[in-house]
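Dock chain to chain to rebuild the complex, using the hints, since each chain is given by itself in its own frame.
So the chains spell out like this:
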Amino acid sequence: MIVSDDLFIPMRKDNLNSEAIVRPQLTFWQGAWQRLKGNKLALMGLVIIIVLGVMATIGPMISGHEYSKQSIIMKNKAPSGTYWFGTDDFGRDVFTRVWYGARISLFVGFMAALIDFFIGVLYGGIAGYMGGRVDNIMMRFVDILYGLPYLLVVILLMVVMGPGLGTIIIALSATGWIGMARTVRGQVLQMKNSEYVLAAKTMGAKPFYIIRKHLLPNTIGIIIVYVTLSVPSAIFGEAFLSFLGLGVQAPMASWGVMANDGLSTILSGHWWRLFFPAFFISLTMLAFNVLGDGLRDAFDPKARR
Amino acid sequence: MLSFVFRRFISMIVTLWLIITVTFFLMHAVPGSPFEKEGKALNETVAQNLNAYYNLDKPLFVQYGLYLQKLVQFDLGPSTANSADTVNKMIARGFPVSFQLGLIAVLFAIISGVGLGVIAALRHNRLIDYAAMIIAVLGISIPSFVVAPLLIKYLAVEWKLLPTATWGSWQHVVMPALALAFGPIAIIARLTRTNMLEVLTQEYIETAKAKGLKPATIVIKHALRNAILPVVTLLGALIANVLTGSFVIEKIFAIPGMGKYFVAGIINRDYSVIMGTTVFYSALLIFLMFVVDVLYGIIDPRIKLHRKESEG
Numbered sequence: 001m002i003v004s005d006d007l008f009i010p011m012r013k014d015n016l017n018s019e020a021i022v023r024p025q026l027t028f029w030q031g032a033w034q035r036l037k038g039n040k041l042a043l044m045g046l047v048i049i050i051v052l053g054v055m056a057t058i059g060p061m062i063s064g065h066e067y068s069k070q071s072i073i074m075k076n077k078a079p080s081g082t083y084w085f086g087t088d089d090f091g092r093d094v095f096t097r098v099w100y101g102a103r104i105s106l107f108v109g110f111m112a113a114l115i116d117f118f119i120g121v122l123y124g125g126i127a128g129y130m131g132g133r134v135d136n137i138m139m140r141f142v143d144i145l146y147g148l149p150y151l152l153v154v155i156l157l158m159v160v161m162g163p164g165l166g167t168i169i170i171a172l173s174a175t176g177w178i179g180m181a182r183t184v185r186g187q188v189l190q191m192k193n194s195e196y197v198l199a200a201k202t203m204g205a206k207p208f209y210i211i212r213k214h215l216l217p218n219t220i221g222i223i224i225v226y227v228t229l230s231v232p233s234a235i236f237g238e239a240f241l242s243f244l245g246l247g248v249q250a251p252m253a254s255w256g257v258m259a260n261d262g263l264s265t266i267l268s269g270h271w272w273r274l275f276f277p278a279f280f281i282s283l284t285m286l287a288f289n290v291l292g293d294g295l296r297d298a299f300d301p302k303a304r305r
Numbered sequence: 001m002l003s004f005v006f007r008r009f010i011s012m013i014v015t016l017w018l019i020i021t022v023t024f025f026l027m028h029a030v031p032g033s034p035f036e037k038e039g040k041a042l043n044e045t046v047a048q049n050l051n052a053y054y055n056l057d058k059p060l061f062v063q064y065g066l067y068l069q070k071l072v073q074f075d076l077g078p079s080t081a082n083s084a085d086t087v088n089k090m091i092a093r094g095f096p097v098s099f100q101l102g103l104i105a106v107l108f109a110i111i112s113g114v115g116l117g118v119i120a121a122l123r124h125n126r127l128i129d130y131a132a133m134i135i136a137v138l139g140i141s142i143p144s145f146v147v148a149p150l151l152i153k154y155l156a157v158e159w160k161l162l163p164t165a166t167w168g169s170w171q172h173v174v175m176p177a178l179a180l181a182f183g184p185i186a187i188i189a190r191l192t193r194t195n196m197l198e199v200l201t202q203e204y205i206e207t208a209k210a211k212g213l214k215p216a217t218i219v220i221k222h223a224l225r226n227a228i229l230p231v232v233t234l235l236g237a238l239i240a241n242v243l244t245g246s247f248v249i250e251k252i253f254a255i256p257g258m259g260k261y262f263v264a265g266i267i268n269r270d271y272s273v274i275m276g277t278t279v280f281y282s283a284l285l286i287f288l289m290f291v292v293d294v295l296y297g298i299i300d301p302r303i304k305l306h307r308k309e310s311e312g
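Residue numbers (UniProt numbering), protein chains in the order written: chain C, 1 to 305; chain W, 1 to 312.
This is chain W alone, in the form it adopts within the complex (with noise of 0.2 Å):
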C-alpha cells in the first residue's frame, strides 16, 4: 500500500512537470509580444522595461529555469495584462467561488445520480426505469450551455423563484449548480443502473435474502458497495468536466470565478493568466486523481493497487 502511495505519488509529480513544460513552451511559441495589441507598436523604453520585468529578455531556457524557481515557491507570476494583478490574487479571488460551485455540482450530481441509478435498476423495465432512462439520455445529449438559459428562462424570469444571475446568497448557487450537474447525473444513472443490474444477479444477493434481511439492508450495504465502485473510477474525469464545464456556466450566470479570469485571459491573450490557471487546474486534477485511486483500495481492499493491467 504504502510503496504504491508512494510511485503514484512520484508519477504525479512527472506528470505535473511534464504539463507545466509543455504548457510553458507552448506558449512561449506564440509570436510577437504580448504588450503588441492592434498594431499598436510600443514605446522602445517601454517595450524594454515590461521585457525586462517579464524576464522576457532573457534566453527562453533561462525564463523557463525562472518560472520553474517560482512555481516551487507556489508563484504563478505577474498577469501580462494587468501588471498591478498576479494569477495568484486572481486565483484567491476566483477559485473559491468555483470551488463551491463545483463542489455543490458534483455533490448533486453523485447523489441523486446514484439515486436515480439505484432506483431505476430496483425497478427494472418499469415506468420509473424508462423515466431515470430517458432523464439520462437527454442529460447526454442536452449541452449545459442549453440547459442553463432555459433554467434562467422559466425558474428566474417567468416563475421569479430564483435569481437571474451573479453571485452571494444560497438561492444564487442553484441554478448554475443544476446546470453543471445536468450531465454528470445521466452519465452517473447510467453506470449505476447498469452495474446494479449485474450486482443484483449475483448468488450473495440471493444468499442474503435467504437470510432474510431487510431489503433495504440488502441494497445499502451489499449490492450498492459493489456496484459504486466504477463510478469512484469515474470521478476523476467528472470533476474534470465540471471543472471545465463552469467556465461557461460562470460566464453565462455572471458569476465571479475562476471561469471569468479565464475567459478574460484569453480574450486579453493575457498569457501568464492562461499559463497558470492551466498548471493549476492540472495539478488540482491529477491531485484529485491521486486521492480517488488510493480511495479506490480503501472501499474495494480486493483491488491489488498494482497498475491495473486489464483495464484497457
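So here's chain C without its partners, still in its complex pose (with noise of 0.2 Å):
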C-alpha cells in the first residue's frame, strides 16, 4: 500500500464550525409560548378570558344601568335595545349584572387560586425537599384532608364563618390548596433525588440557590398549570355554595347567585334570567380548562398525546 502526500493534507478550517448552534436558542419561556402559539385551542381559551376580563370591568358602566336598581313597572323584560339581556323580577338589567357578577366570581376563582398558590407551594416544597420524617408527617396530614369531601368541609366553614366574599374565599382555600401541594411535594421529591441537583451539591451550592435555580424552574410549569386549572373550581365552587343559599348577599350578585334565582324561569320561559349567567359560567370554565390543557402540554412536550 502506498502512502501517498495527499492523505496528509490537513482538514479544512470551515468544517470546524459544524459543532456551531445556528438555530436561535429559546429561554424555557420562549419555548413553552411557542409551543402554546401552535395550539389555537388554548389561543382561544385566553382571548376569552381576557375579554371576560375587560367585560368584568368596563361592562357595568357602558350599559347605562345601575345594577342594584329596581323597578317594579320594568320586570322579566326580553332582551331589546335598551336592556341587552333583559331584566330580572326585580328590574334589574340582567346585562348589568352578568359584568358585576363576573367581577366577583373572577375575583373569587383568582384570589383562591393565588392563595392556594402561595401555601400549597410553599406546604409542598417544604415536606418534598426535607424529606424523610417532616415529609411523613405533613404528608400524612394532607392525606386525612384530601380524603374528605371538600364541599362539605367548605360548607361547614361557610355556616360557622357566616356568608360574605372573604369568608367564601377563605373557605375555598383552606382545601384548595392540597392538591397544589401534592403536586409540587411529589415534584421536588422526585427532582431532589436528580444527578444534576446532587451534581449542584457536589460543587457546593447552597440549599436556597438550589431551589431557586434548579427546583423551582422545573416546577414552575407544573404550578402554572395547576393554578389555571383551580381558577375554574374555585368559580365552581362559590357558584355551588350560591346555590345552597350561602353565597355572597344581596344586592351583590355572582353568576351563581344569578343562575339561582333564574331558575325558577324554566317555566315561566324568561330564559335569558338563566341563560346568561349559566352560559358565562360555563364559557369561563371552558376557556380556563382548555387553556390549562394547553399550558400543560406547552410546558412539557413530552407528555403530549
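These are calculated hints, taken from the structure and not from any lab test. Accuracy of the hints is not assured; some may be wrong.
Claimed, not checked - Now the stretches of chain C that chain W is said to cover, found in silico as 3 or more residues with beta-carbon under 8 Å: (1) 156 to 164; (2) 236 to 243; (3) 285 to 295.
To be verified - Per label pair, the in silico range of CB-to-CB distance: (4) W:Phe287 / C:Asp300: 32 to 42 Å; (5) C:Gln249 / W:Gly168: 31 to 41 Å; (6) W:Arg7 / C:Val51: 44 to 54 Å; (7) C:Asp300 / W:Tyr296: 39 to 49 Å.
We put the CB at the ideal spot given by N, CA and C, even for glycine.
Quick look at the structure:
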C-alpha cells in the first residue's frame, strides 16, 4: 500500500464550525410560548379570558344601568335595545348584573387560586425538600384532608364564619391548596434525587440556590397549569355555595347567585335570566380548562398526546 | 395483605375521629345560641330547659365526651331546629333516596365514561375521537346546575318525555342521574382514553395480536384491565363529587333526599343536622376509599399494598 502525501492534507478550516449552534436558542419561556402559540384551542381560551376580564371591568359601566337599581314596571323584560340581556324579576338590568357578577366570580376564582398557590407551593416545597420524617408527618395530614368531601368542609366553614365574599375565599382556599401541595411535593421529591441536583450539591451550591435555580424552574410549569385549573374550580365552588344560599348576599350578585335566582324561569319562560349567567359560567370554565390543557402541553412537550 | 388492611383500617378510624373532633369544635365555635332566631330572645326558663335538653349547659369537653359516647352507639343526636326529629331519622328517610340516585349516577358515569374513552382510543384521531373529546371538555366545563335546567326545559317541559321533578318511578331518576353523571363521565372518558392509548402501544398487545386473538378479547381482557386502574384510583373522589353534587341536584329536582335535609339544616342553622350529615358522609366516604384501596390490590396483583411513595 502506497502512502502518498495527499492523504495528509490538513482538514479544511470551515469544517470546524460544525459544532456551532446556528438556530436561535430558546429560553424555557420562549419555548413554552412557541408551543402554546401553535395550539389554537388554548389561544382561544386565553383570548376569551382576556375579553371576560375586560368586560368585567368596563361592562357594568357601559350599559347605563345600575346593577342594584330596581324597577317594578320594568320587571322580566326580554332582551331589547335598552336592556341588552333583558331584566330580572326586580327589574334590574341583567347585562349590568352579569358583568358585575363576573367581577365577583373572577375575583373569587383568582384570589382563591392565588392563596392556593402560596400555601400549596410553600407546604409542598418544604415537605418535598426536607423529606424523611417531616415529609411523612406533613403528608399524613394532607392525606387526611384529601380524603374528605371538600365541599362539605367548605360548607361547614361557611356556616361557622357566616356568608360573605371574604369567607367564601377563605373557605375555598382552606381546602384548595391540598392538591397543589401534593403536586409540588411529588415533583420536588422526584427532582431532589436527580443527578444534576447532586452535581450542584457536589460543587457546593447552597440549598436556597438549588431551590431557586434548579427546583423552582423545573416545577413552575406544573404550578402554572395547576393555578390555571384551580381558578375554574373556585368559580364552580362559589356558584355551588350560592346555590345552597351560602353565597354573596343581595344586592351583590355573582353568576352562581344569578343562575340560582333564574332557576324558576324554566317554567315561566324568562329564559334570559338563567341563560346568560349559566352561559358565562360555562364559557369561563371552558376557557380556563382548555388554556390549562394547552399550558400543560406547552410546558411538558414530552407528555403530549 | 392482612396487615395492610389492618393498618389501613386503623388510619381510617383515626381520620374519622379527627373529622368528628374538628367538626364538633367548629360548630361550637359559632357565636350565640342555636335557639335565638333573628333577635327574638327566649324566655329564661325555656332557654334553660332547651340548653339542658341538648346538654348545652355543660362544659364543652363534657359535651364532646357525651357526643362521642352517643356516636359510638351510632346516635347523631336530636335536631336543634325541631326537637321531635333526630338526625338518625332524617338519614333513615333521606339517605336511601340519595343513595339510589348516587349509585345510578356513578354506575352510569363509569359505564358510559369508560365506554366513550375506549371507543375514542380505538378510533384515535378520527371523527368519533374528536366528538368524544368535545363531550369530555363540555362535561368538565358545564356545571351540573346548568345541565339540570336544560334537561328539564327540553326533556320535560318541551317534549314531555319525563316528569319535571320529585321522586317515585324510574322516570324520575333519569334526569337527575344524567345531570349528576355528566361531569364524572367527562373525567372518566378522558382518563380512560389517555391510558388506553398508552396501553395499546405496548408490546404485549402486539403479542396478543400475533397470537391471533379476537380484537374484542384483546381490548377487554388485555388492554382495558390495565387501562382502567387509574379510574379505580379516582373512584373515591368521584363518589365524593356525586354525593355533594347531589345536594344541588336534589334541590333543583325537589327530590326528598339527604340534600334536602342538609340544605334545610343550613338555612335553619340546625347545627346538629349539619354536624351529623358531615360526620355521616365523611364516614361513608372514608369507608368507601378503604374499600377502593383493597379492591385495587385485587384488580392489580402487582401493586404492593404499602403506601405508594411515588404517587405524589
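Quick rundown of the hints versus the structure:
no., hint, result
1, 156 to 164, "holds (count 4)"
2, 236 to 243, "holds (count 4)"
3, 285 to 295, "holds (count 4)"
4, W:Phe287 / C:Asp300: 32 to 42 Å, "holds (36 Å)"
5, C:Gln249 / W:Gly168: 31 to 41 Å, "holds (36 Å)"
6, W:Arg7 / C:Val51: 44 to 54 Å, "holds (53 Å)"
7, C:Asp300 / W:Tyr296: 39 to 49 Å, "violated (27 Å)"
When the structure is compared with the earlier hints, a violation turns up for hint 7 alone.
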